[in-house]
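Chemist: With the hints as extra help, turn the sequences into a complete structure.
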Amino acid sequence: MIRDLSTIRNIGISAHIDSGKTTLTERILFYTGRIHAIHEVKGKDDVGATMDSMELERERGITIQSAATHTVWDGHHINIIDTPGHVDFTIEVERALRVLDGAVLVLCGVAGVQSQSMTVDRQMRRYKVPRIAFINKLDRSGANPVRVTQQLCEKLAHNAVLMQLPIGLEAKFEGVIDLVTMKAIYFKGDNGEHVVTEEIPEEMRDEAEIARESMLDAVSMFSDELMEAILEETVTEDLIHTAVRSGTLSMDLTPVFLGSAYKNKGVQKLLDAVNRYLPSPLDGENTGVDLSNDEAALTLASDPNKPLVALAFKLEDGRYGQLTYVRVYQGALKKGSTIINSRTKKKHKVGRLVRMHADSMEDIESSSAGDIVALFGIDCASGDTFTDESVQISVTSMHVPEPVISIAIKPIDNKTVDNMGKALGRFVREDPTFRARVDPESNETVISGMGELHLDVYVERMKREYGCAVETGAPQVAYRETISQRADFNYTHKKQTGGSGQYGRVAGRIEPMEDGTGDFEFVSEIKGGSIPTEYVPAVEKGFAQCMTKGRLIGFPVIGVRVVVDDGKSHSVDSSEMAFQAAGRGAFREAYPRARPIVLEPVMKLEVEGPVEHQGAILKTIMQRRGTVIGTTESAGMARVESEVPLSEMFGYATDLRSMTQGTAEFSMEFARYLPAPAEIQKELKEKFSSKIVDDDE
Amino acid sequence: MYRKFLNARSPLRLLEKGLHGGLGPGNLGVVVGGPGVGKKSFLVGVALDELLRSGRVLHISMTHSVAHIRDHYDTVFEELAANAHLEDETQVHVDVDRNRSIRVYPRNALTTAKLREAVKVESETAGQPSLVLIEGLDFKTTSREDFVDLKELAGELAAEIWLSVSSRKEQIAQLPPSVERVEDLVSVILALEPADDAVLLRALKDHDNRDLTELHVALDPKTLLLTRH
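Chains Y and H are the protein sequences, given in the same order.
FYI, the working numbering numbers position 121 of the first sequence as 121, with every residue one higher than the one before it.
For any residue, its number in the working numbering is found by taking its place in the second sequence, counting from 1, and adding 697.
Incorrect hints may appear among the rest.
The calculated lysine to any residue pairs, modelled on SDA-like cross-linking and capped at a C-alpha distance of 25 Å, are [what the hints assert, rightly or not]:
(1) Y:K604 x H:K701
(2) Y:K682 x H:R795
(3) H:K817 x Y:A616
(4) H:K701 x H:E776
Quick list of simulated restraints, FRET-style, between CB atoms [claimed, not checked]:
(5) Y:E389 x H:S762: 45 to 53 Å
(6) H:A870 x Y:C153: 56 to 64 Å
(7) Y:E525 x H:H761: 42 to 50 Å
(8) Y:E225 x H:H761: 31 to 39 Å
(9) Y:C153 x H:A855: 36 to 44 Å
(10) Y:D303 x H:P918: 30 to 38 Å
(11) H:E842 x Y:E402: 36 to 44 Å
(12) Y:G75 x H:S762: 17 to 25 Å
(13) H:H761 x Y:E686: 42 to 50 Å
(14) H:A855 x Y:E402: 26 to 34 Å
(15) Y:T344 x H:H765: 16 to 24 Å
Hints in this document: simulated from the structure, not taken from any laboratory.
The C-beta atom is built at its ideal place from N, Cα and C for all residues, glycine as well.
Modeler: Below you can see the structure in the form of structure tokens.
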């Protein structure tokens, strides 16, 4: 067990595809002694980083992209947590970001800040993850760390400060000048493993002095002591480190480091910076919700002596079997102890507890708050919270957003049907925003998720990891129905067909919920027992049943409040069944009068491209019934923020590419449900009613 | 309440009365106020009034992000809708969003050439603006020619253009020199000054009218709404 929590760093490495995340991660593992040889990533230019690393992993038998890899640098325990590169995985990203205390933002020294970096960065900001930046690939032609630092400030609104200066650039990139120690640092040896400190080359002295001064200017904002020391010319390295750390932790400062992972330069200094500036579990505040008190928020204490609270953030079918990665937020997780899953209330015995290294794993006896470890053989879903039996706490809210898009899939080869089932089973357990079901009408397998790309990735994984290629159908958008005005009902369900009859009367109203997007609320204002208490839940059930399939276009109904304030029962003929039927009947009666409308999922779309293409970008948005929120222009680039209905977004990537000659990039995430335009509502209604006729025949 | 009634009862009508018909198409208007007094809220109030009348608004800022400005609109709109018990709030909000474009530039990066380019892009895609708001334009470094050009642009678009200017003091005893320099090109100048419980609007210039009347319009610092006073 790690006793000193202040030596733990739980970090993510976040990067745009092709900015060299895999290479950097591999170098980190090499320098920290976890792997013993460096092997180059293959096919750099035509395949994405994730695939590169998977091939590399397979070939070398090492794990670079495991959910969490533990390593040690200079007395600090660093857990490197894999962060998914794409925003389509809302829940997965959210969960990965939750377990991070800090992150390294890797930027390509040539391409700089790209739109993907923006989305990931925005999410990190949302989850309050302090960052340091690493500008990579300085050996490439066109590398310009000053410009990239400026972009960090302008495009990502970071207060980015260069902590180093490059010695030479492009092919002549040799090393860096550390502006804190004012020394030149070179990385010698075959693999850059010998860090050599020398005096700053004479011709760079002046430049370094100027850069140091502007660094001190920016950094001194975070320490009065440092500011005084600057005036009295008594600046020490420790004073600078303390100030940089405090600025980084409050997310008011982003220190920038330089290097080229591929050429083995700068990585060790970056590791020093991780230890020095990024937070330990003691620095941040983690919250959970109290399940015994209506999900009220509470703070979790990084204290090994308090009751256990741990989050399962990732499941992995590794070579060693089913692994569950957990972050311990409070208390300690011990081998042989009994833990309870807050969601399922199931008890589990902790049989084996391991720490994952790149090339091996280590059995451990216990793990304390702040640490990240893996459990064997625990059946759970990712996102589940484990506690000891004394508290009922969940780290995450139990609320999971509903999927917004579905596609039908069919295996190309019938032999792989079993594998498809296995793959889907696992994906569903890993990612609660991913669903799979068999449509009873068409008998097709339908998968649903948070965006086109989200589903694409799973289809790809099915093929790659389970050898099951599938054909996909046309995407289906998850519409919703809601009501837009109040309607009263007074409905009597009566049936008298021999034997005991059925009788139940319910009266009240249905009305839109104020925020419009809540699911369903049932309020009983029944006075004097006009409906006997034991039948009230049946009435609610009757209404709730109607919410799963609206009568307008057959999609779920949301945002409805049902208030029942009167009714009547019969001493013999009333039953639960009768009141359920009365609830259904009442809804059928009231719904058409409540002016039901169709809601469609609307995505937040951000497109970035050169200013001269902004007209074309705006056109792609207008053509898709989009609403442009705003445009930000800076440094020759325009970033357009907009909201576009999901149903219009299919094939957007291709269209945007051709309209802007491939110069623009976009990112997208679900924003909210909005009423669909009248003509689209009409079209959907007609389609639905023609289907009903078919069904009746 | 329905949208058209909301509009008819808007305090902006009172402001127009006080200003002998309002700013009017083709004209430049300036609002002056101390830091944090509510210049943005005034501009947003004017914009929402125009948007509720189905006009098109182009909001240009050199001080805040798109998300920040949008949040500000959302807050004021929700306040306005709740205050007036607006019917069909969601749909009206969608329409309002559709007819508004926000454009953000780095500090000091806006030139009239850029503005013309932006207006052109807007007109070709979303539509020609009938009201343009400009926040954070540095009056000191903007040349007189640029103001002449701005006034011409207002004329070409037949649009109203409102600009906000920061003053160091809360009470505006006289025009800041940077504004005085171009006073002849500006049709209406308003001061926003904090009083006991509200921020009051006062006319410093009203077209060619010498007798400046009281406007009876204020900004409620709590709700950020324009109110009668």
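Chemist: Now tell me if each hint is right for this structure.
Modeler: The hints, checked one at a time:
{"no.": "1", "hint": "Y:K604 x H:K701", "result": "violated, 30 Å"}
{"no.": "2", "hint": "Y:K682 x H:R795", "result": "holds, 22 Å"}
{"no.": "3", "hint": "H:K817 x Y:A616", "result": "holds, 13 Å"}
{"no.": "4", "hint": "H:K701 x H:E776", "result": "holds, 17 Å"}
{"no.": "5", "hint": "Y:E389 x H:S762: 45 to 53 Å", "result": "holds, 47 Å"}
{"no.": "6", "hint": "H:A870 x Y:C153: 56 to 64 Å", "result": "violated, 38 Å"}
{"no.": "7", "hint": "Y:E525 x H:H761: 42 to 50 Å", "result": "holds, 46 Å"}
{"no.": "8", "hint": "Y:E225 x H:H761: 31 to 39 Å", "result": "holds, 33 Å"}
{"no.": "9", "hint": "Y:C153 x H:A855: 36 to 44 Å", "result": "holds, 39 Å"}
{"no.": "10", "hint": "Y:D303 x H:P918: 30 to 38 Å", "result": "violated, 44 Å"}
{"no.": "11", "hint": "H:E842 x Y:E402: 36 to 44 Å", "result": "violated, 56 Å"}
{"no.": "12", "hint": "Y:G75 x H:S762: 17 to 25 Å", "result": "violated, 41 Å"}
{"no.": "13", "hint": "H:H761 x Y:E686: 42 to 50 Å", "result": "holds, 45 Å"}
{"no.": "14", "hint": "H:A855 x Y:E402: 26 to 34 Å", "result": "violated, 47 Å"}
{"no.": "15", "hint": "Y:T344 x H:H765: 16 to 24 Å", "result": "violated, 42 Å"}
Of the numbered hints stated above, those contradicted by the structure are hints 1, 6, 10, 11, 12, 14, 15, listed in ascending order.
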